[in-house]
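**Q** Sequence:
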Amino acid sequence: MTNTYEDMMWPGLSGSEGEMTLRGAIEDRRHARKFLGKFNPEIEVKQVDEALRKDIQDQIGKCVDSSLSLLVAYIQGHGQITNHTVQYITGDRKKGSLEGLTAEELIEMFSRFSAQTMLVAITDFCHSGNVYRLPFRLVIGIDGTGYWDETGEWNHDDTFSRKNRINSPMLHIAGSLRQQYAYETRMRGGYFTNVCTPRKRFDKVGTD
Numbered sequence: 001m002t003n004t005y006e007d008m009m010w011p012g013l014s015g016s017e018g019e020m021t022l023r024g025a026i027e028d029r030r031h032a033r034k035f036l037g038k039f040n041p042e043i044e045v046k047q048v049d050e051a052l053r054k055d056i057q058d059q060i061g062k063c064v065d066s067s068l069s070l071l072v073a074y075i076q077g078h079g080q081i082t083n084h085t086v087q088y089i090t091g092d093r094k095k096g097s098l099e100g101l102t103a104e105e106l107i108e109m110f111s112r113f114s115a116q117t118m119l120v121a122i123t124d125f126c127h128s129g130n131v132y133r134l135p136f137r138l139v140i141g142i143d144g145t146g147y148w149d150e151t152g153e154w155n156h157d158d159t160f161s162r163k164n165r166i167n168s169p170m171l172h173i174a175g176s177l178r179q180q181y182a183y184e185t186r187m188r189g190g191y192f193t194n195v196c197t198p199r200k201r202f203d204k205v206g207t208d
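Using the working numbering, the letters of the sequence shown map in sequence onto residues 1 to 208.
Bear in mind the hints are in silico, worked out from the structure with no lab data behind them.
One or more hints might be untrue.
The calculated label-pair distances, taken between Cβ atoms and stated as ranges, are [what the hints assert, rightly or not]:
| hint | residue 1 | residue 2 | range |
| --- | --- | --- | --- |
| 1 | Gly144 | Ser16 | 38 to 46 angstroms |
| 2 | Tyr191 | Pro41 | 23 to 31 angstroms |
| 3 | Thr159 | Ile26 | 26 to 34 angstroms |
| 4 | Ser161 | Thr102 | 13 to 21 angstroms |
| 5 | Ser16 | Thr197 | 26 to 34 angstroms |
| 6 | Gly12 | Asp143 | 43 to 51 angstroms |
| 7 | Gly37 | Ser66 | 14 to 22 angstroms |
In the BS3-like style, the derived pairs of lysine-lysine whose C-alpha atoms are separated by at most 30 angstroms in a straight line are [claimed, not checked]:
| hint | residue 1 | residue 2 |
| --- | --- | --- |
| 8 | Lys62 | Lys34 |
| 9 | Lys163 | Lys54 |
| 10 | Lys46 | Lys34 |
All residues carry an ideal CB built from backbone N, CA and C; glycine is no exception.
The task is simple: from the sequences and hints, build the whole structure.
**A** Written as structure tokens, this is what we have:
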């Protein structure tokens, strides 16, 4: 699910400073398809360009109803921090404001999957670090070794009995940290998606 945001403007800005267009999105689509083909050649790819809010909700809803064993969900575009949450900006056009899906709405959608569905969520937009509020994050040291660390979001949700949580096993690969931007160029596309394009096949996904 991708967006170029052609002819869309950031509210309150004008001229080149206000342009939202992501010209590298065309390359992102190509790289994402290549990644999915290497990840699993038998995977069925549903490509949604210029994704609107309803498009994303409908596609995820269909996947829930299909009781899949594996879903790889790739979401590319703009993200922003607003009202103490993260919002993925969709291609909907509304004068004076932007439409999208908040972190809470994304969590609600994916919380409808059962534990029988393995989820791989790839988010290539700004501020998407642990947008699904998962319990652990992988911390990798300078020497290449890593360990799983419990997240603050999970502890917070435990304390305040958050309503929606992801029930399925999910691996979330984010193109940015919560306070970080994601970057792109016209020729290479998003830096993150470019780097993720594999050079060899992944034989399996799992944890020990």
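**Q** For the range 26 to 34 angstroms, tell me whether the beta carbons of Ser16 and Thr197 fit it or not.
**A** 29 angstroms, holds
**Q** Okay, Gly37 versus Ser66 on CB: inside 14 to 22 angstroms?
**A** 21 angstroms, holds
**Q** Could you tell me whether the CB distance from Gly144 to Ser16 stays inside 38 to 46 angstroms?
**A** 41 angstroms, holds
**Q** In this structure, is the beta-carbon distance linking Thr159 and Ile26 contained in 26 to 34 angstroms?
**A** 44 angstroms, violated
**Q** Could you check the hint for me, namely that Tyr191 and Pro41 are 23 to 31 angstroms apart, CB to CB?
**A** 26 angstroms, holds
**Q** Do the alpha carbons of Lys163 and Lys54 lie within 30 angstroms of each other, as the hint requires?
**A** 23 angstroms, holds
**Q** What's the verdict on Lys46 and Lys34, does the C-alpha distance respect the 30 angstroms limit or exceed it?
**A** Since the Cα atoms of Lys46 and Lys34 sit roughly 13 angstroms apart, the hinted pair holds (cutoff 30 angstroms).
**Q** Starting from the range 43 to 51 angstroms, see whether the pair Gly12 and Asp143 falls in it by beta-carbon distance.
**A** 46 angstroms, holds
**Q** Could you tell me whether the CB distance from Ser161 to Thr102 stays inside 13 to 21 angstroms?
**A** Cβ of Ser161 to Cβ of Thr102: about 19 angstroms, so the range 13 to 21 angstroms holds.
**Q** Run the distance test for Lys62 versus Lys34: straight-line Cα separation, threshold 30 angstroms.
**A** 23 angstroms, holds
Hint violations for this structure: number 3 only, all remaining hints satisfied.
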